[in-house]
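**Q** Generate the whole structure from the sequences, applying the supplied hints.
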Amino acid sequence: MDTVVLVDNLMLGPFTKFSIEVPLNSFVIVTGSNNSGKSLLLKVIAGVINTKNVTYNKEIIKNYEDIAYFNDFAFNFNNVSATIRYPLECLGMDDDKIKKIVKDIAKDLDITKLLDSKIKDLNYFERLKVALASLLVSGPKLLVLDDPCLYLSFYEKEEFMRILEQIRSSGITIVMSCSSLEEVGYTINSTLYVLDKGNIVSSGESLKVLNDDSLLNKVGLELPFMVDLSVKLKYYNLMEKINMSPLGLVDSLWK
Amino acid sequence: MEIKFSHVHSKIFTDLSFVIPKGEIVGIYGDNGDKLLRLISFDDESRGIIYFNKIRKLRRNYYLFRKSIVLVERGFVNLFNVDNIYEYFITYIRYKKLDVKDVNEKIKGALKIVGLRLDILERRISTLTFSEIKLLQLALAFLSNPKVILLDEPFRGLDLEIRKKLIRIINRLQEKFLKTIVIYSSNPNYLYQYTNYLIVLYDNKILVEGKTSDVFFDSEELSLYKIRRPDIVDFILLVKDKKNIKLPRRVDVKDLIKDIYWNVK
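Chains as they are written, first to last, in my numbering: chain A, 1 to 255; chain B, 1001 to 1265.
Honestly, the hints are just simulated from the structure, not real lab data.
With a Cα cut of at most 25 Å, we get these calculated PhoX-like pairs of lysine-lysine:
#	chain 1	residue 1	chain 2	residue 2
1	B	Lys-1265	A	Lys-241
2	B	Lys-1258	A	Lys-234
3	A	Lys-241	B	Lys-1243
4	B	Lys-1240	A	Lys-255
5	A	Lys-118	B	Lys-1035
6	A	Lys-120	B	Lys-1035
7	B	Lys-1265	A	Lys-255
8	B	Lys-1246	A	Lys-255
Listed next, the stretches of chain A that the computed footprint assigns to chain B, with coverage defined by at least 3 CB atoms under 8 Å from CB atoms of chain B:
#	stretch
9	33-43
10	143-153
11	213-222
12	231-238
Here the structure is a predicted model, which means the values were calculated and not measured. All C-beta atoms in this analysis are idealised placements derived from N, C-alpha and C, irrespective of residue type, glycine included.
**A** Put into structure tokens, the structure is as follows:
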């Protein structure tokens, strides 16, 4: 499989001889305790830190416009549609084309109704979607998101992960960090990396990585309740695999 | 300090009546709970009858209470465009008009409570990690020696170890220094684990208030309005509902597993 980004032999902050590879069209999630280097790694991957240890696949990432990086909100405009339009105006597109792109992206992210709103009237989740829309309009190939789910509720996390899955299926590679493992449970076919003090302590298909509760607890991460319960029931030989449905689990326990 | 609100109105809320009991860790749950924190902290304007320890808040004694309440925001807002941390502390003390005799001792004390090392004072805010910023926010809040501490989503983004540390700090403040602590969180799991008294908001009204565990287990209003319960409570209630088996109220998954083991075996 093609690689989009390769970080090789990184020596920076907590990282010593650190390497990571992001395959094309993958959904990579980076997690870990506080101060494990998640945000720094994402900055390196997004190319906002000047280092020679990161290489991009030139065929996919032709220039920095192909990388979209999110770590916090900073809206330069009060109005939602002005915020989303701005990158396209910078690219010198004509108004009709801009309107069409903005309309399409707003539909995908379910923010059509918000286009005429003021940013200050939006809640956190709506702002996040507006910020995401303004990143996506210019058609990036790599989307790097630093803990976007931090202040989202359970339902919002679920919806947001569905949106990201949709974005991935349109051919965009996603690298995301998270400080809790709840959102990981909502993804399909994602790769999870667990960092601890600048080292990868576990990696692989997300649900498989979640199986190792003692390792995750050791680095200071809490498993989502249903995963935690299933994994612990496995120790007592009461369960064979992770069951995400509470009702299914109850039925299988008390037959 | 007990705070009693009766028939309080603000831009968002109409006719709210509730009590923040003394010596408890109080949780606020539900939409616009963060706005309720802002109302309690006086950052948002309100009208109505408010009592602090049975003293009624009036226009002429208002300042007495303003100083005893501090709100720790969910995200850090740099108020002064100052990046050096020592400088930030000094600017903050002057801005808040805090009566401090020995500034350095005071800062040292505040950092010690939250477990930050002194050399952080040499650093810049922009180089701090997420958890360090959270602890810095708390240290700043403690400078004014407040009686009531309001925390907006304090646990978000913190790993288990730092969350435990934060809980230790909160419990000590409440038990040893008798501070009133109010926590808003949109995550019912945290509220269930860490608070003793709970106020639930729905549609900008108080839906139910009472002991946290009673509210989550017994309140029918939560089911009626489809308000999410803590996962572990949901599971225990599901077992009772579907299999008619009454498991004891638990907070820790490990205890629940033992209950299940004895029951299924």
